[in-house]
Amino acid sequence: GNSVTQMEGPVTLSEEAFLTINCTYTATGYPSLFWYVQYPGEGLQLLLKATKADDKGSNKGFEATYRKETTSFHLEKGSVQVSDSAVYFCALRTPDGGATNKLIFGTGTLLAVQP
Amino acid sequence: DGGITQSPKYLFRKEGQNVTLSCEQNLNHDAMYWYRQDPGQGLRLIYYSQIVNDFQKGDIAEGYSVSREKKESFPLTVTSAQKNPTAFYLCASQDQAGTVTQYFGPGTRLLVL
Chain A
12 GNSVTQMEGP VTLSEEAFLT INCTYTATGY PSLFWYVQYP GEGLQLLLKA
62 TKADDKGSNK GFEATYRKET TSFHLEKGSV QVSDSAVYFC ALRTPDGGAT
112 NKLIFGTGTL LAVQP
Chain B
102 DGGITQSPKY LFRKEGQNVT LSCEQNLNHD AMYWYRQDPG QGLRLIYYSQ
152 IVNDFQKGDI AEGYSVSREK KESFPLTVTS AQKNPTAFYL CASQDQAGTV
202 TQYFGPGTRL LVL
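These protein sequences, in sequence, are chains A and B. To convert, count from 1 in the first sequence and add 11; that's the working numbering. To convert, count from 1 in the second sequence and add 101; that's the working numbering.
These aren't lab readings, by the way, just hints derived from the structure by calculation. Worth double-checking, as some hints may not be accurate.
Stated by the list, open to error - Each pair of labels, with its calculated beta carbon distance range: (1) Ser25/A <-> Asp131/B: 38 to 46 Å; (2) Pro126/A <-> Gly104/B: 26 to 34 Å; (3) Lys115/B <-> Pro51/A: 40 to 48 Å; (4) Thr81/A <-> Val201/B: 42 to 50 Å; (5) Arg145/B <-> Tyr41/A: 35 to 43 Å; (6) Gly12/A <-> Val201/B: 16 to 24 Å.
Computed from a predicted model, the values in this text were never measured in an experiment. Idealized CB from N, CA, C, for every residue including glycine.
Looking at chain B on its own, in the form it has when it is part of the complex:
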């Protein structure tokens, strides 16, 4: 089955701690995206990558970092500089040809202890 997996489903962060959210896709898509979802605010773009070893900041990149060393993987690190990290994080990938449709993973809910 082709798709996008995110882990863990729930993640707890202590003050001053960096945590990493995993996103893996086996759809052979070049582009991958990270969104943050807060109640009543829809989705906001954190980072995106259109090709391996390249990525760009989205609208709310401060306090986050990413890497794209492999086509199928796009991990997101929430650093201690992100002062309000509690949110639902969604990863997506997109085919860049044809229908150019974006597909989403099941999400990771990050909570602060």
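Just chain A, with the same shape it has in the complex:
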């Protein structure tokens, strides 16, 4: 079946460090891929997305490239800030012809950035 696997957290970094959060997926066909961010006590916000192989999504200094050959969509940021502390979710939308457009989420990775 379709699934998303994220690296387990928490990930603890110092301010200005480089961030990588790994995400791999299993899906038939060509899913769309997403990263969402959840700040404490809040809902999820879309961070970035990619809809086809080799697409790069980017927003607020975060980037992720859709790699079909490795079925991956790793999240990166060159220099993290304390304000980036949050839970990050990788998700895919199954290419089922648009019948449901459901999202499948990973378990989330907690990022804690220390000053």
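Position chain B relative to chain A; hints supplied.
For chain B alone, kept in the frame of chain A given last:
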């Protein structure tokens, strides 16, 4: 401002009680979704609706019910049959054309007394 609102922010349920969580959107989206979030388990789909007066069960629908009488509203009822209702509940809506992006509300935390 367009967006999704959920109320209340916190909700307390007594044993044997049904409670209803509100979700309203003014984004003119056709599709709406309810998720349950438990620590370390990510989000699990409860129910979804792609159009008014129609909805389908998600992966964990037992003990929950929904209605979709208006495009902008998709309330979720947690019934007494749901034996472990303590969780964070998230509502989302989605544009079905163009980018097909899902947008989330701020969530409701349900606690059992």
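_Violated constraints from the hint list, given by number and in increasing order_ = Of the numbered hints given earlier, those the structure breaks are 3, 4, 5, listed in rising order.
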